[in-house]
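Residue numbers (the numbering used here), protein chains in the order written: chain S, 382 to 673; chain X, 42 to 415; chain A, 160 to 446.
Source of the hints: derived by calculation from the structure; they are not laboratory data. It should be emphasised that the depicted structure is a prediction, and the values quoted were computed from it without experimental measurement. Possibly wrong hints are sitting among the right ones.
DSS-like mimics (lysine-lysine), calculated; alpha carbons at most 25 angstroms apart, straight line [stated by the list, open to error]: (1) Lys-352/A to Lys-398/X; (2) Lys-352/A to Lys-432/A; (3) Lys-467/S to Lys-297/A; (4) Lys-352/A to Lys-174/A; (5) Lys-105/X to Lys-297/A; (6) Lys-500/S to Lys-297/A.
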Amino acid sequence: MTDMEQARRVEADVDSCDPCLSVSHLSLRFGAGCPSCMAPDAALERNVCPVCGTVHAVRDVSFDVYPGEIVGIVGESGSGKSSLMKCIYFDQDASEGDVRALPFDGGAGNILDLSSQHKRRVRNTVFGMVYQNPYLGLRMDFSSLSNIAEQMIASGERRVDAMCERGYELLGEVNIPARRAKDAPALFSGGMQQRVQIAKALSNNPPILLLDEVTTGLDLSVQASVLDLILRIRRDYGVGMVVVSHDLGVIRMLADRTLVMLDGRVVERGLTDQILEDPQHPYTQQLVYSLI
Amino acid sequence: MGYVAVRGGGRAIEESLRLFELERASSGASVALDRVQACFPDAIDQVMGESSLYAPRLAALAFKQARGSVEEAVFLLRAFRSTLERTSETCVVDMEDMQVKRRISAAFKDVPGGQVLGATRDYSHRLIDFSLADETDGDVRDAAARLRKHFAEAPDDARFDGHLPKVLDYLRDQGLIPSCENDDTPPADVTMASLEFPCVRSARLQTLARGMTQAVEAFGYAAIRGYGPAHPTVGELRSGTVELCVAADASDDADPLDAFYLGDMRVCEVESVFEVESDAADASGAGLSFDIGYGLVMGDTETKAVAMSVLDHCLELGDPRYPTQDEEFVLYHVDGVEAQGFISHLKLPHYVTFQSKLDTVRTARERQAHAASV
Amino acid sequence: MQRLYNFAFFDEASKREIRRAIVKGISVPGYQVPFASREMPIGRGWGTGGLQVTLAIIGADDVLKVIDQGCDESVNAVNIKKLVCATTDVETVEDTAAATIIQSRHRIPEEPLRSDQVLVLQVPTPEPLRSFEPSEAKTRALHAEADYTGAWLGLFDRIVRFGEGSTGADHPCLVNGRYVMAPSPIPRFDTTKLDGSEHLTLFGAGREKKIYAVPPHTRVAPLDFEDRPFRVEDFDGLSCRLCGASGVYLDEIVDEATGETVHQCNDTAFCAKRRERAAAGDETKGE
Numbered sequence: 382m383t384d385m386e387q388a389r390r391v392e393a394d395v396d397s398c399d400p401c402l403s404v405s406h407l408s409l410r411f412g413a414g415c416p417s418c419m420a421p422d423a424a425l426e427r428n429v430c431p432v433c434g435t436v437h438a439v440r441d442v443s444f445d446v447y448p449g450e451i452v453g454i455v456g457e458s459g460s461g462k463s464s465l466m467k468c469i470y471f472d473q474d475a476s477e478g479d480v481r482a483l484p485f486d487g488g489a490g491n492i493l494d495l496s497s498q499h500k501r502r503v504r505n506t507v508f509g510m511v512y513q514n515p516y517l518g519l520r521m522d523f524s525s526l527s528n529i530a531e532q533m534i535a536s537g538e539r540r541v542d543a544m545c546e547r548g549y550e551l552l553g554e555v556n557i558p559a560r561r562a563k564d565a566p567a568l569f570s571g572g573m574q575q576r577v578q579i580a581k582a583l584s585n586n587p588p589i590l591l592l593d594e595v596t597t598g599l600d601l602s603v604q605a606s607v608l609d610l611i612l613r614i615r616r617d618y619g620v621g622m623v624v625v626s627h628d629l630g631v632i633r634m635l636a637d638r639t640l641v642m643l644d645g646r647v648v649e650r651g652l653t654d655q656i657l658e659d660p661q662h663p664y665t666q667q668l669v670y671s672l673i
Numbered sequence: 042m043g044y045v046a047v048r049g050g051g052r053a054i055e056e057s058l059r060l061f062e063l064e065r066a067s068s069g070a071s072v073a074l075d076r077v078q079a080c081f082p083d084a085i086d087q088v089m090g091e092s093s094l095y096a097p098r099l100a101a102l103a104f105k106q107a108r109g110s111v112e113e114a115v116f117l118l119r120a121f122r123s124t125l126e127r128t129s130e131t132c133v134v135d136m137e138d139m140q141v142k143r144r145i146s147a148a149f150k151d152v153p154g155g156q157v158l159g160a161t162r163d164y165s166h167r168l169i170d171f172s173l174a175d176e177t178d179g180d181v182r183d184a185a186a187r188l189r190k191h192f193a194e195a196p197d198d199a200r201f202d203g204h205l206p207k208v209l210d211y212l213r214d215q216g217l218i219p220s221c222e223n224d225d226t227p228p229a230d231v232t233m234a235s236l237e238f239p240c241v242r243s244a245r246l247q248t249l250a251r252g253m254t255q256a257v258e259a260f261g262y263a264a265i266r267g268y269g270p271a272h273p274t275v276g277e278l279r280s281g282t283v284e285l286c287v288a289a290d291a292s293d294d295a296d297p298l299d300a301f302y303l304g305d306m307r308v309c310e311v312e313s314v315f316e317v318e319s320d321a322a323d324a325s326g327a328g329l330s331f332d333i334g335y336g337l338v339m340g341d342t343e344t345k346a347v348a349m350s351v352l353d354h355c356l357e358l359g360d361p362r363y364p365t366q367d368e369e370f371v372l373y374h375v376d377g378v379e380a381q382g383f384i385s386h387l388k389l390p391h392y393v394t395f396q397s398k399l400d401t402v403r404t405a406r407e408r409q410a411h412a413a414s415v
Numbered sequence: 160m161q162r163l164y165n166f167a168f169f170d171e172a173s174k175r176e177i178r179r180a181i182v183k184g185i186s187v188p189g190y191q192v193p194f195a196s197r198e199m200p201i202g203r204g205w206g207t208g209g210l211q212v213t214l215a216i217i218g219a220d221d222v223l224k225v226i227d228q229g230c231d232e233s234v235n236a237v238n239i240k241k242l243v244c245a246t247t248d249v250e251t252v253e254d255t256a257a258a259t260i261i262q263s264r265h266r267i268p269e270e271p272l273r274s275d276q277v278l279v280l281q282v283p284t285p286e287p288l289r290s291f292e293p294s295e296a297k298t299r300a301l302h303a304e305a306d307y308t309g310a311w312l313g314l315f316d317r318i319v320r321f322g323e324g325s326t327g328a329d330h331p332c333l334v335n336g337r338y339v340m341a342p343s344p345i346p347r348f349d350t351t352k353l354d355g356s357e358h359l360t361l362f363g364a365g366r367e368k369k370i371y372a373v374p375p376h377t378r379v380a381p382l383d384f385e386d387r388p389f390r391v392e393d394f395d396g397l398s399c400r401l402c403g404a405s406g407v408y409l410d411e412i413v414d415e416a417t418g419e420t421v422h423q424c425n426d427t428a429f430c431a432k433r434r435e436r437a438a439a440g441d442e443t444k445g446e
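In isolation and in its complexed conformation, chain S is listed as follows:
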């Protein structure tokens, strides 16, 4: 895509006030469920049904993401935030729910219902995904350039030079020296692998980025540079992002709006500042106080 096209698209997105990603009533269950736990306000033991043992990993979650906005999802491990992300990115089949992606079809249909072929197109052209574990997002034995080229190839690019050029550009963007471009990520440190993953996620100029615990496990200084990079990407490309993290510090740095998840449900939502200043739910209060 040329810079002009890029600029035009950002402009168009800013003009419209529609969300680029819209998630409604998304749920993920492991187990058949029973009348007692399928009720909207059923009491569960954490996220497990005491009657039938069904695990409710994600329960009836809805939210929107607008172009250029970063939505944070915070919660402890097991709260369902990563499962939610996996459902949106089709790594996991949601039990029910409706997800609309405007850049794909103008929001005409539920993308969870698409054929696997169309889902792949959504993954390749609408979403960029960065996993906590770079082994999930990268082909460790292929060169970094090849990793970045993969989604371009998948969406039909057949020019080697153009893909290499874009690869070098993106690696520069994430501060990886050009001389490492032909090396395999397996040879890199964790922070570098994460930056290659981000470069890969950006390769097709996706309008929506999904970031799952991207800074977890990184040194503090490396964390800071990755967070910096994410903010720069938002500024330069105007993409909408969903950032999942257990670390409220990361969410405070990045997110405009935040959802707090506990045991598979959203227990609190609002502007990030507001949540930090005046947390309502006891769990959120606990999170916020531990931050200080």
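On the provided structure of chain S, position chains X and A as indicated by the hints.
Below, chains X and A without anything else, positioned relative to chain S:
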């Protein structure tokens, strides 16, 4: 002697075969088929099992022709098997009707019907028996007469009629093994259709049963040693003969008593018991229960039958972290004829492909040298 | 215990079943049709797939040519020919033009094939995505969805790392714009002969139990990038030391007497035919 693989191949093959035949004939000795069959029953069992063709005399001939190589004998018999038409199918065999020669359980000391150790070399000392070196046919006949007399004098309570209940019915009756419905889906035939994944269980069991004996044992060993958590207890191993019959007419309501009796076949069946975590939704809510791994092989290849039962259970679990639980990994690689064929094909000329590789490597090196010099 | 085998080794039902797979393969060019590969009297990996295809389609009037590495007299070619002849009594030839069925391993003859000829290629590894994805269940899904990113990425990675995207033999091709196919380990030089050919090409993989086909006049495009076009083996400036042919696939041979590297036609029947013709021409001139 020079060997030219490219030209004069026809003559080279003929001479090679003559040379091979000379090697065989130079021994100056031949062995009658009856003797092969009589003296090497375990080899015959293995050949028939891996060929999935019950034909002892043909197997003996293949074994003789293969100069004692089981792998080669299986190859011969399998190729022969492909040319046979399937005229009919036998009736389903109920393993409870087996005429048992040997039956053990590692799970219970006292099983209904008792443990029957039968004939086994399990508890023998593996010392070379030098007396066999000069054994004559007369010696063998004497030994047989002596032993027959010995067993004829055995007390009556040491005999049994060969019919025994299944050990695991005991666990089933107590509800420790989940009971399952009879599945009357016609079984797959892996020799008539290629494997599709995920595999139906019948295809999986057939592939294991006809798998290379040592490969099934090696994978089974890997599973119990640590590459796939499987800690089996042999619930029952029973070995003996089963009757094979063909229904008089193909209709479903044909009277089983009208079936034609074809003959007996020696088989070994193993049911291994594994402790598994049951679904939390289990009515009993116990959390733990037992599951069964099943092994059934032709002849008396007991170790293979046990290993098969382990792998059957592993594949049922199907945890992709363990190679022994990966259907494609196990089932694609246990077949002896395929393994032997593909490995040995590496001996064929690959001149054309190698020339192509040369071109690729040379070009890449030239380009790099050029790039370095610029 | 003497036993006679049926015509073409198999029972008729087996042959019919293989032919059904062939027909399906022709109907869906480049698609790998699973079939019940039979156990054969020659080794798995030694051409059992090609042999089963040949045995399923051969009739008493057919004329058979079998080559291995471009040569009719190569041990494995002779071996396969012997088996087919023993069970069919068909005529065999070395002259490509005289054959109706040509079974081959690793080569397509130099002489262009006609519409009344069938080329049967032996295939060791029919799955072009196998090096990228070991699971058969997954590669089947990738084919179903025409997701060939893996095949392209493999080529791209070679270019990035080694500056050279060529793969040696068995270069993956897109058939009829739909299925990516392994053309069997024929050199890249031969791959182009599959494109829009006059003849039918059948591929048989015995061990892997797959049959597939390229019907006549079908587009077969080797995977390549716009700015890194597919490149065949380079024999520029070289010619056969025996018949003088250039623009053919050459074997590289070291002359033991002089220690020099020399080249000669890989397709031995083609080379012999040229030399016979040349000799005949000389004689005519002499008269």
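Verification of the supplied hints:
1. Lys-352/A to Lys-398/X: This hinted pair holds, its Cα atoms lying about 19 angstroms apart.
2. Lys-352/A to Lys-432/A: holds, 20 angstroms
3. Lys-467/S to Lys-297/A: Holds: Lys-467/S and Lys-297/A sit about 20 angstroms apart, inside 25 angstroms.
4. Lys-352/A to Lys-174/A: Violated - the C-alpha atoms of Lys-174/A and Lys-352/A are around 29 angstroms apart, more than 25 angstroms.
5. Lys-105/X to Lys-297/A: violated, 43 angstroms
6. Lys-500/S to Lys-297/A: Holds, because 16 angstroms separates the two Cα atoms, which is no more than 25 angstroms.
When each numbered hint is compared with the structure, violations occur for hints 4, 5.
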